[in-house]
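What follows is the residue order along each chain.
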Amino acid sequence: ETGVTQTPRHLVMGMTNKKSLKCEQHLGHNAMYWYKQSAKKPLELMFVYSLEERVENNSVPSRFSPECPNSSHLFLHLHTLQPEDSALYLCASSQTWTWGLYNEQFFGPGTRLTVL
Amino acid sequence: DAKTTQPPSMDCAEGRAANLPCNHSTISGNEYVYWYRQIHSQGPQYIIHGLKNNETNEMASLIITEDRKSSTLILPHATLRDTAVYYCIREYRDDKIIFGKGTRLHILP
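Chains as they are written, first to last, in our numbering: chain F, 1 to 116; chain W, 1 to 109.
It should be emphasised that the hints constitute simulated quantities derived from the structure, not laboratory data. Hints are supplied without guarantee of correctness; some may be wrong.
[What the hints assert, rightly or not] Capping the alpha-carbon separation at 25 Å, the derived lysine to aspartate or glutamate pairs in DMTMM-like fashion look like this:
1. W:K3 with F:E67
2. F:K22 with F:E67
3. W:K3 with F:E56
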């Protein structure tokens, strides 16, 4: 248990569906992250939020839409995805956004997404 | 580009020390080195980090060379539960971090 939870753990969706991934952290952290992990590829940072403001968008297609309503919750809204978007989507949090001492990231278990 | 180099895989006998190397020859003076691991089907887990000095915690030891161009993560008494992919990561100046492909460590019974 890392203090970061993600729901659902598994999701299958068609290309025309709209779905959302949810992440919640119980650590009192101020920064939250979305990562994508495709098969046989390294983890890719998608979005970073610090104090509910988006501070990083790593050239992610607009069919992925993040939302951070408060410092404990992070959503990833999905619409008109492609089969190549099938991957493990990981959420993480850290004390602050700027890396340094005591800023290690705590990861959730991930959502395994399959796009048909 | 992760800008760190790690062997793709390593084997270690259970109960022995696992020594995982990482090359970060272009690291700058104020960049930390972080180590994470990812057990199959789970999110990455923080292990340890360091700047210049060697570090030790309850999970592992981190040995950083004097010129800071490489480091070694040491798991002192490897168990089967240590089978995972281990990532060596540089902290970037602009606060981005990039995970490379890591080292897949197999602990052999």
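Problem - Unsatisfied constraints (hint numbers, rising) - result: 1
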